[in-house]
Amino acid sequence: MINDIPDQALIIYTDGSRSDTGRTGSGSFSKTPGNDVKISIRNPDHCSVFRLELIAISGALDHALNSYKDIIWILTDSRSSIQYLKNWPKIMDSTGLDMLSELARLGQYVSIVCLGSMSPVDTIICGCAWERSN
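Per UniProt numbering, the sequence shown starts with residue 1, numbered consecutively.
For the record, the hints were derived by calculation from the structure and aren't laboratory data.
Computed from a prediction, not measured in an experiment: that's the story for all the values here.
Errors might be hidden in some of the hints.
Stated by the list, open to error - Below, computed lysine-lysine pairings styled on DSSO-like, alpha-carbon distance capped at 27 Å:
(1) Lys86 - Lys69
(2) Lys38 - Lys69
(3) Lys69 - Lys31
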């Protein structure tokens, strides 16, 4: 899947994690010529890893909104986050609704936003989360 990403795309990698003591964080990383962007977010202790992954994707969407790229790929290692967002008509919580709102705003400025998995096993559930028709 990663080999299919166009060269001109902005690629943002995301992750969320929790330590054995319950400290949590989310982050994203993107590399563009001459500019690496690292975003680290300290989250409340004892958050679920699922929620941390969603927070990381939300941070990546914020970063994408401030980029000037026409094609954006957000890559995550969280299969459950992708499945959650693919089921968007049933999303009712504030984090999910905020992410859908960010995707809609981003869709006004870019051609394609894709949310996919970094794992070859999960490529079956990956694909474009939103594509603007011109």
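Comparing the hints with the structure gives:
With a C-alpha separation of about 23 Å, the suggested pair Lys86 and Lys69 falls inside the 27 Å cut-off, and the hint holds. The hinted pair formed by Lys38 and Lys69 meets the criterion: a straight-line CA distance of about 17 Å does not exceed 27 Å. Our distance criterion of 27 Å between C-alpha atoms is met by Lys69 and Lys31, whose separation comes to about 13 Å.
Going down the numbered hints, you'll see the structure goes against none, and every one checks out.
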